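In case you want the letters, here they are:
Number of protein chains: 2
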Amino acid sequence: MIKKITIVGGTHGNELIGPYLIRKLEQDKSFSQSAIPVDYLLANTEACKRASRFIDADLNRSFTDEILNNNDDSVYEHRRAREINQLLGPKANNDRFIIDLHSTTSNMGMTLIVRDQAAFNLQAASYVQQHMPDVKVILSDRDKSFSRTLNSLSDYAMAIEVGPLPNGVLRHDQFAETEVVIKHLIDFTLMRHSQQPTALPRTIDVYKVTERIQYPKSDDGHLSAMVHDSLQDKDFEGLKPGMPLFQNMDGTVTHYEGEPGFPIFINEAAYYYENTALVITRQETIALTG
Amino acid sequence: MIKKITIVGGTHGNELIGPYLIRKLEQDKSFSQSAIPVDYLLANTEACKRASRFIDADLNRSFTDEILNNNDDSVYEHRRAREINQLLGPKANNDRFIIDLHSTTSNMGMTLIVRDQAAFNLQAASYVQQHMPDVKVILSDRDKSFSRTLNSLSDYAMAIEVGPLPNGVLRHDQFAETEVVIKHLIDFTLMRHSQQPTALPRTIDVYKVTERIQYPKSDDGHLSAMVHDSLQDKDFEGLKPGMPLFQNMDGTVTHYEGEPGFPIFINEAAYYYENTALVITRQETIALTG
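Taken in sequence, the protein lines are chains A and B. The first sequence lines up with residues 1 to 290 when you count with this note's numbering. The second sequence lines up with residues 1001 to 1290 when you count with this note's numbering.
Hints listed in this document are in silico derivations from the structure and should not be mistaken for laboratory results. None of these values were measured; they are calculated from a predicted model. Heads up, none of these hints are tricks.
Here are the simulated DSBU-like cross-link-like pairs (lysine-lysine), alpha carbons at most 30 Å apart as the crow flies:
#1 A:24 - B:1217
#2 A:183 - B:1217
#3 B:1049 - B:1024
#4 B:1183 - B:1003
Isolated chain A (complex conformation):
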């Protein structure tokens, strides 16, 4: 049962929409009279000051049981993950709906990343899609025990990804669109809370991650290829075997050889750290229960 809603910004300190949006909603007192209390959290406060993704480690990979249960203070984000677990958790406690605001340099438009521990998450995503048909839904891993993200603190959780947006930049159109998504999510939560009937479709189309494609590298550790121009900005468009994947620095082209799928996070800046050039998903239609 959802008793609180927390809107999180700045889990990555170089993604500016979240921090500025929670600041605005707090100042506007937009949800201050809500039947379910709505509060706000600036997650990676130190990285936000520097407008960098993180200080020592990615905060959104730091919510594992191993990190939450140890006492090593050497990594700033691990300390901060434990603080946030105290504020929003503990991890097994499920009375809170967490909405974590992100942006991506990829051309993904407005995307909701949903965990399927609770039927509520997909229902809420479906409600957003009723009002904003272009919104895409990514369904992430079922198994919470492997989960490392801030959203793993509750079964009721969703990440909003909006793009394309360069890091360290605030864009008015995407800022406004993210605010609309939040309003729909809170409306839906309140309707469910008041047991107001909300007609939803019987199914929802989601994208599930099947593969991460790595950049080729030269012996000295530099990228030896770029995402091919014909694939750039084609997030959620079909990728089939034989289509161009990489433009290699030596002038040759590497073609895609995997299963047909829908690429996402194409040429995402943050994934250069992990050497991931793009992520392949498959589309699946899922029954909406409850």
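Model the placement of chain B on the given structure of chain A, informed by the hints.
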């Protein structure tokens, strides 16, 4: 007289096209047989390793006489500016054509930033425009003594800016386009060197900076406005008094009140450091001499 050409990448460590392009050109031996020697410089080596704009200070603001003539070793980029001055300079020495590769998060397309100490610079820009009519030319300050950029090391110098590109990302289309610009610049330099006749137009249209527009800020130092959606991505399009400039966080809109002009570097990520939301230019037609 130009006796050497140096192509510089990585003056800003989070702009990836330059470093990867000089690496490719060096490996390809593209200009190894050139009648004028072509060499390559990775400028901010440490910032490139971290994919950050700079370590302690902006290298492209560090080529002042004051910094070049002192011995303070506390700022990495000031040390590096002195090293680069030894490699490419000294600052008054004008036998080298410097081409410095940059990218911008703004929607500026392909832009050449030219200094007008030498007629050659505008001629070379005009030659590029003959082959690539969409290329824009910005003419920067005449007075070299105030100049802080790497390009101020020689009278023969040009910066290439390509965008929109998020920091920390490599884009195939812009990478290839930048390579074409370099080839035209080197072709032109070689033709001039061999005294081959090259017919150019009699004039060139350039943009000159007239004003920098600051972000409004709240008392606690945060941005209180974003670039208005109707201005976003409209680099080089006319801005007139009365047109929307900022979307304020409180819901109001601020309108532009300055002289009519052509905005550039709209919502550029790096300019958040300097609190600059956009730069206004005026267009001017200049005679091509020489």
